[in-house]
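Asks: Sequence:
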Amino acid sequence: MESRNPKSQTDSRPEKEVFETCSRLVSVERTEGKMNSNTVSIALATLSMCGTLAAASLAQQPLQPLDGGILMQVESGAKVWSDRDYTMTAWPEALNEHRVFLQSSIRSSRFEVFTPGYVVVLTPLNEVHNQSDVLRKAGFEFVDLEPFHPYWIREGRNGQPCIALQKAVQTGDSIEFGYYGIALWSRQRLPVSRTAPEVAPLITIPTVDISEQTQRHVIVAAGTEDTYQGHVDTVLMPDGKTMFAVWAINHAGYLGPLARSDDAGLTWHRIETPENWRQMRTTTPTIHRLVDPEGTERLFVFAGQNFPGRLRQSYSEDGGRTWTPMQDTGLAAECPPKSILAFDDGRRLVMWCDRRDPSSSGREDVSPVVWKSESFDGGLTWSDEQVVVRVPTRWAQPAVIRSPDGQRAVMLMRYNGRGPSPLAVSNDGGETWSEAREAPLAVTGHRPNMVYAPDGRLVVVFRDTAGDFARGLWTNPTAGHFVAWVGTFDDLYHGRDGQYRIKLMHSHAGWDNAYSGLEVLPDGTIVATNYIKYQAGPEKHSVVSTRFKLNETDKMW
Numbered sequence: 000m001e002s003r004n005p006k007s008q009t010d011s012r013p014e015k016e017v018f019e020t021c022s023r024l025v026s027v028e029r030t031e032g033k034m035n036s037n038t039v040s041i042a043l044a045t046l047s048m049c050g051t052l053a054a055a056s057l058a059q060q061p062l063q064p065l066d067g068g069i070l071m072q073v074e075s076g077a078k079v080w081s082d083r084d085y086t087m088t089a090w091p092e093a094l095n096e097h098r099v100f101l102q103s104s105i106r107s108s109r110f111e112v113f114t115p116g117y118v119v120v121l122t123p124l125n126e127v128h129n130q131s132d133v134l135r136k137a138g139f140e141f142v143d144l145e146p147f148h149p150y151w152i153r154e155g156r157n158g159q160p161c162i163a164l165q166k167a168v169q170t171g172d173s174i175e176f177g178y179y180g181i182a183l184w185s186r187q188r189l190p191v192s193r194t195a196p197e198v199a200p201l202i203t204i205p206t207v208d209i210s211e212q213t214q215r216h217v218i219v220a221a222g223t224e225d226t227y228q229g230h231v232d233t234v235l236m237p238d239g240k241t242m243f244a245v246w247a248i249n250h251a252g253y254l255g256p257l258a259r260s261d262d263a264g265l266t267w268h269r270i271e272t273p274e275n276w277r278q279m280r281t282t283t284p285t286i287h288r289l290v291d292p293e294g295t296e297r298l299f300v301f302a303g304q305n306f307p308g309r310l311r312q313s314y315s316e317d318g319g320r321t322w323t324p325m326q327d328t329g330l331a332a333e334c335p336p337k338s339i340l341a342f343d344d345g346r347r348l349v350m351w352c353d354r355r356d357p358s359s360s361g362r363e364d365v366s367p368v369v370w371k372s373e374s375f376d377g378g379l380t381w382s383d384e385q386v387v388v389r390v391p392t393r394w395a396q397p398a399v400i401r402s403p404d405g406q407r408a409v410m411l412m413r414y415n416g417r418g419p420s421p422l423a424v425s426n427d428g429g430e431t432w433s434e435a436r437e438a439p440l441a442v443t444g445h446r447p448n449m450v451y452a453p454d455g456r457l458v459v460v461f462r463d464t465a466g467d468f469a470r471g472l473w474t475n476p477t478a479g480h481f482v483a484w485v486g487t488f489d490d491l492y493h494g495r496d497g498q499y500r501i502k503l504m505h506s507h508a509g510w511d512n513a514y515s516g517l518e519v520l521p522d523g524t525i526v527a528t529n530y531i532k533y534q535a536g537p538e539k540h541s542v543v544s545t546r547f548k549l550n551e552t553d554k555m556w
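Quick note: the sequence shown, position 340, residue 339 per numbering that gives the first Met the number 0, numbers continuous.
Check each hint, because a few of them may be wrong.
What the hints assert, rightly or not - The calculated lysine to aspartate or glutamate pairs, modelled on EDC-like cross-linking and capped at a C-alpha distance of 16 Å, are:
# : residue 1 : residue 2
1 : Lys502    : Asp208
2 : Lys539    : Asp225
3 : Lys166    : Glu111
4 : Lys548    : Asp208
5 : Lys539    : Glu224
6 : Lys554    : Asp208
7 : Lys502    : Asp553
8 : Lys539    : Asp511
9 : Lys502    : Glu211
No wet-lab data here; the hints were simulated from the structure.
Let the hints inform the model, and build the full structure from the sequences given.
Replies: And the structure:
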């Protein structure tokens, strides 16, 4: 963001341009072909202030939008951004004099100043979209105003709460900031504060940030302006160095590439796959190493077909060199299984999946559920689904892990609404389950994956979605990013906050990331691989891994 003061061009504009400026303001706002009376009022009021068209500088609107933006009047129902149907709603009394705002285009929030006054930018509290740092570097100050909800994302549902920053502006100033801020103009100066509004921390355990330590990162598949590398999963072979990764192309798109690493994830090469893999659409694939009762090892890739669709699988019996075509398992799943565990000395495998309202596919269950299915031949065939947990929303995406002694188990799930992640526990090693209850905020997120570190501690990775759900505030500074939680099995089982958290990677596309693979190497290195918009710019999402050891991150908090 920058400010500059070139010589004002206002006085040199001919009268025709004055008319065009006001005419644009009148014509840009139409609703179902009818003129917006409030917009007309602004233009007429502007002209009446002029007195004569010779006073061209007074006839100008206070802000001149650039890059396709539109200047609008603050009123209930006004559209906030050009690319979203979000509309203005409640307005605090302190902003009553701020009656003009910029409806920014999808390209940017950029404008020039034509009338001296004060620009106030409302920016979401949610750290993913918060522009406070950018604005403060450009000379904005925090306004002494409590966070409030200025817009609805749909009727009756508030959007993100916002805070306000203010700056005095002069004719010729150029202002630019990122997406999802609301720029207001007024002649009135509001009281300012040296600091942002104080909000009590949501999560009390420490957070270690290694997201900018790029030496830890390995790009498995780079996104381009045309290619979106999507949801990924990995598996580590018993030799501790051979690793496979499978992912989708586009967001939950078609089943895409398969890659192999022979050096524990440092370098990768692609593997040919059967043609019908690309027919698996709207999928978030997973990969597993499964062993049958006779000791035969196979690699399995699971993929869905639409949501909720048939769960399909492909397998390799030669260490991943060749693969069978995708075949129907006879099961219906929202997402492929993240967890498949062995029971009865390896004679029985159990997977857990989720699906939305199963009544739509002819089954008697009428609410979103987590189900289990069993295999007695190493994963070649699977039993009918058996419901084990009912969940409040679809996209439960369960991850299951047993206690170190095998006697208990925890199932951590995604909550696809505004609330903590659901958690269920088992006291018989995963055979039966409790009703879902709330997990701690410290481990609340989407598509969790869990693994034990060599010292016995539990590591969970996920897309962080923790927030102050009661007030609708996302003041958690890592919300929307790729995060790990460190604690013990008992911490998770008993609903305790755990030891600390790690910000693994920074998302440059808000909440669109994670769905990760998670492996532990023989030397204790944890390799977490996820899909993420790795850097700002036109390039789409990449598949990227990060590497860390707990004895390193332990020293950082």
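Asks: All hints, please: hold or fail.
Replies: For each hint, the structure was consulted:
{"no.": "1", "hint": "Lys502 <-> Asp208", "result": "5 Å, holds"}
{"no.": "2", "hint": "Lys539 <-> Asp225", "result": "7 Å, holds"}
{"no.": "3", "hint": "Lys166 <-> Glu111", "result": "14 Å, holds"}
{"no.": "4", "hint": "Lys548 <-> Asp208", "result": "13 Å, holds"}
{"no.": "5", "hint": "Lys539 <-> Glu224", "result": "6 Å, holds"}
{"no.": "6", "hint": "Lys554 <-> Asp208", "result": "12 Å, holds"}
{"no.": "7", "hint": "Lys502 <-> Asp553", "result": "13 Å, holds"}
{"no.": "8", "hint": "Lys539 <-> Asp511", "result": "11 Å, holds"}
{"no.": "9", "hint": "Lys502 <-> Glu211", "result": "9 Å, holds"}
In this structure, none of the earlier numbered hints is contradicted; all agree with it.
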